[in-house]
Amino acid sequence: MARAFTPKVVTANDLLEGDVIYQTEDDRWSRDLSEAELITDEAHAQVRLLDASRQVNKIVGAYLADAVAGENGPEPTHFREDFRRTGPSNYAHGKQETSTQPRA
Amino acid sequence: MYRYSEFDHEFLAERNAQFRAQVERRIDGSLTEDEFKPLRLMNGLYLQLHAYMLRVAIPYGTLSSAQMRQLALLAEKWDKGYGHFTTRQNIQYNWPKLNDVPDMLDALAEVGMHAIQTSGNTIRNVTADHFAGAAADEIADPRPYAELLRQWSTDHPEFQFMPRKFKIAITGSENDRAVIKAHDIGLQLVERDGVLGARVIVGGGLGRTPMIGKELSEFVAFDDLLAYLEATVSVWNQIGRRDNKYKARIKITVHEHGIDAIRAKVNERFLQVRPQFKGADMNLLEEIKGHFAPPAFRDASVASFESAYTNDPVFRSWVDTNIAPHKNADHAIVTISIKKHGATPGDATAEQMRVMADLAEEFAYDELRISHEQNVILPHVHKSDLPAIHAKLKEHELATANIGLISDIIACPGMDYCALATARSIPVAQEIATRFEDLKLEHDIGHLKIKISGCINACGHHHVGHIGILGLDRAGVENYQITLGGDGTETAAIGDRTGPGFAYDEIVPAVERIVDTYLEQRDSPEEEFLQTYRRVGMAPFKAALYPEAHANAA
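Residue numbers (our numbering), protein chains in the order written: chain A, 1 to 104; chain B, 105 to 658.
Derived by calculation from the structure, the hints in this document are not laboratory data.
Treat the hints with care, as some may be off.
As the list claims (entries may be wrong) - Subject to a maximum C-alpha distance of 20 Å in a straight line, what follows is the list of computed PhoX-like cross-link-like pairs (lysine-lysine):
hint	chain 1	residue 1	chain 2	residue 2
1	B	184	A	95
2	B	393	B	318
3	B	201	A	58
These numbers were taken from a predicted model, which means no experiment stands behind them.
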């Protein structure tokens, strides 16, 4: 039996900066996981991943990452995605040092 | 120090111009990521978890003060003010922007440095004993030969698309500080009947299938060595497995075919390859040797050193742990610890890099080394200068007296940075160091090497740690496996697994139980951890780590 589909977000790295970005429902890229579109339908997820993968001169390595609905938008389910949305734990670098910026 | 020739400068300028154009084509969309990725990797540019990472080669770990200052400049101008020294004597910048990388490479070229072949299935940066040219126990400085290997392997047309990466390490001493038995090829310089050559070890490696290298030849004279190495890499390039990347390294080829069959193939290939080497390599080696002529060691009294050693206990403690014997009795080898308790192993700020460059220029004949243990070395220091060096290091948090002790931990970047990692390693290292600093036990415990990797690829050399820690992802939670009894020296050994792994918040207490067991079991303070482990075996450590299982079995 096929495994049940679990909710996903589309995530990638920004081509120029390399930082972690998330696809939003209105087709922007946000640095903030809470702004990501939480996808609950498998077919829709594949379409959204295709939408992302086409943007070759903006992003790198788009994939679907597991997430769950939280109080303020999507939350990670795995610690790797938790580090990706936060930054390293030894210095307050990356997303921890700058305020969230809207993306093109 | 090797000085670039006109050819070297032009080669690098051309490579950098090519890469600049490739970056432009990637940004304007004419190259896809699939097309661009192999090109950026050839130039040391990775995409990691949060950002790009630029890995810069420090060939055989040797730097001049001007080069170290340039590394500081890169850290400040294009990164976040620091760099990370790695277990392969490289430096990594964790936060470069794609647009800036061509400028970073041009800045490196100004001081004769590059990031070529720090990635990809090529012959990587050749590493060497970090005490090379200074150690009291070496028969010859291995760096001229390492430089010859760098020139031979850079852009070698036959070796650009190999089954997998290929790593060479070289030492001039019987006491192995370069982990030669855990490299694809390890070379130990030996002299026979007045002729200099090398003992050739092949098929060592860590990663998911750790292997201790085997002896391919007990002696190959220098004038045959390059042809012999070309034959070795060539044999593997042909028969090494390309069907499965996990079975592609030469250690698997040697394991599957057997060392005798590999030796026969290498000897056969050697006879074909040898006529192509007509002595130009030996002429080049002679020229390179001139670049590595030892400095004119100065003569002076060591009385001021002896008086500081007697009167200043902090200085004495630092000398006792961080100083190694130099071949010139009035000189010393200084290891600067980049392992302050609680700091990230191997990370140095731009300011610290400049301080170390200044010290090298003023006191150390303008030379620095990076060790695979992620520390910085001043290889030639007159003993009378040690008090001034120590005083300066203290001002910049660089005077930690812990070389070879429990807090001198090797740790890979782990999941804080690395896209391949399965768990964090940096915070584990930080917490172990802080814990034993709090307990004030470090000097009593003595020589003990902890090595931590955040995934099975073993960049943190955990298999050869006296205590090795491997971070894994077990059902979505960080979990740490422990090995004991590993050894990266001439008596190399792969550590033994203790049993089930430990959760993130259990790993530091587990290490503490191992250390307590050692302190109980050792027959005297002189018996080091590894000796005790070899004498008493795994049982008492297992009993301390898994008391419940022990109770059930009893």
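Cross-check of the supplied hints:
Straight-line distance between C-alpha atoms of residue 184 of chain B and residue 95 of chain A comes to about 13 Å, which keeps the hinted pair within the 20 Å bound. Proposed proximity of residue 393 of chain B and residue 318 of chain B is contradicted: the alpha carbons are some 29 Å apart, above 20 Å. Restraint check for residue 201 of chain B and residue 58 of chain A: the C-alpha separation of about 14 Å stays at or below 20 Å, so the hint holds.
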